[in-house]
Amino acid sequence: MHTDMTVQSIAKETATIDLRRRFHLGETLIRSFLFFCGAFSIFTTVGIVYELGKEALLFFRNPEVNLLGFFTGTKWQPHTGMFGILPLVNATLITTTIAMLIAFPLGLAVAIYMSEYARPKARRVLKPVLEILAGIPTVVYGYFALTFMTPLLRSIFGKDVVDIYNMASGGLVMGILILPLITSMSEDALAAVPHALREAAYGLGATKLETAVKVVLPAAISGLAAAFIVGISRAIGETMIVAIAVGAGPNFTFNPFKGAETMTGHIVRISGGDLSYDSIDYDSLFAIGLLLFFITFGLNLVSQRIVRRFREVYE
Amino acid sequence: MRSEAPGTGLTPYFSGNLPGRHRAARIWRGVFQLATILGMVVLALLLYTVINKSFGLVAIDNKINPETLAVNGVPIEALDKDSLVSIVQNNVSQGKFRQLEREKPMAERSRDEVYGMVIEDVVQPKDIIGTWTLVDSITRGAEITAQVQREHPNAVIKFTSWIDPQFVSSPQSSDPLKAGVRTAILGSLLTIAITILVAFPIGLGAAIYLEEYARENTLNRLIQTNITNLAGVPSIIYGMLGLAIFVRALEPLTSGAIFGVTDATTANGRTILSAGLTLALLVLPVLIINGQEAIRAVPNSLRQASYGLGATQWQTIWHHVLPSAIPGILTGTILAISRAIGETAPLVVIGASTYITFDPNGPFAKFTTLPIQIYQWTSRPQGEFRNIAAAAILVLLVLLLTLNATAIFMRSRYSSK
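Quick note, the sequences are listed as chains L and F, same order.
Be aware that the first sequence starts at 1, since it is given in the working numbering, and climbs by one per residue.
Be aware that the second sequence starts at 316, since it is given in the working numbering, and climbs by one per residue.
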């Protein structure tokens with residue numbers, strides 16, 4: 001600003017200049033706008049809890065519904081006034097379990113391979129493949145489940161054992177969907193283990209496997225646990241695969257080759273049809289949604305706790 | 316821990332065990348490698364399934380054999396106008412007939428015009444007898460052709476590519492041979508445009524606030540934790556939020572009523588605007604987290620140099636921090652956007668229409684998007700809809716691949732600098 005000033009004039013001016021922090025209107029406005037942007041996420045969360053809570057409250061106030069029946073009933077038949085969420089929760093748990101049985105061991109194995117074994121060149125190929133897998137829309141996985149996995153299962157186990165819509169096919173493909181997520185989180189956790197630990201193990205004569213399994217894995221255990229929990233949360237919230245391949249009717253069964261409907265699948269099917277506002281069907285969706293939100297939000301909080309503890313170990 | 320016992324065969328223990336340990340190491344190495352290869356195989360299988368369904372033989376038969384339309388032994392070529400009109404009336408749906416009447420009343424049409432109508436609307440609509448996958452078509456082509464000709468002597472069998480320029484450029488139709496994804500692509504693009512317009516400024520602003528302004532206090536920690544958590548909330552929950560807020564509570568805004576848009580076809584807030592805003596909420600956490608990472612990567616010396624020259628905080632951010640963070644921010648944005656393009660569940664919940672044959676004409680139009688189209692076609696029981704679903708998946712994957720390639724290219728180009 002004062003480009004053509006001589007040294008003396010600057011010196012003279014500094015004697016009289018006010019060195020206190022000046023008030024910039026523009027800076028303050030920008031700062032407030034940016035704060036608003038940051039706080040916007042709070043509004044989103046409040047909005048979710050408020051809107052879901054409001055409609056869910058209407059649902060539970062309905063004389064046809066009682067809270068105990070909601071959590072313990074084994075039939076979800078809105079037209080006969082039976083609102084037991086167990087069939088939906090049960091299907092969600094079964095598909096999630098199948099998905100995690102696939103995704104966690106495989107994801108962990110891939111992560112160990114990438115972080116402990118693979119040469120940089122191999123990693124340069126593998127990383128993009130995993131990123132592509134992670135970037136494929138879930139509706140495509142749903143298509144894959146219905147047109148590839150289901151016929152495969154039916155040809156292996158027989159057509160009378162495996163239904164066209166079944167939980168096993170959806171769960172298996174969901175495992176593939178979650179695999180890249182678990183791999184990248186586990187790999188981060190393994191990579192964060194200091195190299196000195198590995199070198200010490202090698203120095204004692206341990207093989208590569210022993211180093212990886214007995215030294216690196218235990219050191220990264222909290223990061224791996226976080227990956228496991230985030231994987232579960234993702235599987236519970238996954239929608240399109242189950243909507244396409246798992247079935248279209250709440251069904252309380254433990255047989256993975258039968259069709260059933262998960263919480264997310266039910267929400268999509270009902271809201272995809274003609275749904276009138278303020279009906280009990282509409283409100284019931286929000287009760288399911290609220291439960292879903294609390295489960296996934298809770299799981300995410302737990303995983304963050306674990307990661308924070310993990311960070312304290314090495315910093 | 317047997318080695319603790321002094322002098323008791325320490326060497327035999329190790330030499331005895333060493334081959335076993337090495338074998339275990341080799342086996343497990345193989346297992347880890349196998350798991351990795353499995354990941355690649357699955358990706359290949361997925362692409363194989365989609366491509367296999369996108370091309371292949373189709374057997375088509377005329378819905379009506381022209382010979383059966385003959386009246387009292389007179390073939391349709393020789394029939395008079397009145398008989399032809401009654402043929403049309405008997406063989407097309409009432410709605411279609413009314414539509415034809417509206418275009419030009421039957422009484423005003425010449426005999427040849429009506430004859431053309433019979434051929435076009437009665438004889439030519441096709442029935443698909445069967446479709447076969449690419450691999451089947453190549454390996455058992457002759458066998459399939461022979462079988463079809465035995466069962467349907469009049470059927471035409473031909474090799475079809477379900478994905479072709481006509482598929483991309485034509486609107487939706489209930490006839491899988493004519494259906495296309497034009498309306499869906501336009502719907503996707505318009506929705507994403509709104510998402511970017513809303514989410515990018517807010518996301519960038521939040522990232523700047525959290526990285527440059529926020530002090531370490533309870534409120535800011537809460538904001539940060541909250542953003543991380545929101546990134547993990549299932550997309551369907553955002554759909555329900557969008558349904559409750561944008562579709563219902565803000566209906567006058569999202570249906571365009573307060574702007575004087577009173578198009579009967581855009582009823583009740585289930586519009587492109589609602590969809591775009593819902594997706595904006597969905598991608599915001601991801602955008603913020605990506606933006607924060609990019610801003611954090613800017614070296615502090617840059618900021619200190621700027622402050623040292625007397626710049627204000629905003630001047631420092633605007634002139635120094637943002638320019639060097641922008642490649643990272645844009646890369647993250649493209650990745651987040653490509654995630655939003657593939658989102659299906661929230662849009663199904665807020666009620667994207669599934670059958671639209673006209674182009675969406677603005678933010679207050681009803682709409683469908685590519686993933687929704689895929690979902691709809693996949694859920695149909697008829698096999699031929701699976702074929703066009705596969706073709707639509709190819710279109711979607713090409714779109715996403717282009718976006719991702721751009722992001723990866725940008726990342727490698729700027730990270731090498």
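Worth flagging that the hints you see were computed from the coordinates, not collected in a lab.
Be a bit skeptical, because a hint or two may be false.
[Unchecked claim] Here are the simulated distance ranges between beta carbons: (1) F:L534 to L:T253: 21 to 29 Å; (2) L:P78 to F:A393: 53 to 61 Å; (3) L:P194 to F:N532: 54 to 62 Å; (4) L:F294 to F:R611: 30 to 38 Å.
Even for Gly, the Cβ is constructed at its ideal location relative to N, Cα and C.
Evaluation of the provided hints:
Our hint of 21 to 29 Å for L534 of chain F and T253 of chain L is violated, since their Cβ atoms are close to 48 Å apart. Checked against the hint of 53 to 61 Å, the C-beta distance between P78 of chain L and A393 of chain F comes to roughly 60 Å, which is consistent with it. Taking 54 to 62 Å as the suggested C-beta distance range, the pair P194 of chain L and N532 of chain F does not conform, at roughly 32 Å. For the hinted restraint 30 to 38 Å between F294 of chain L and R611 of chain F, the CB-CB distance of approximately 31 Å keeps it satisfied.
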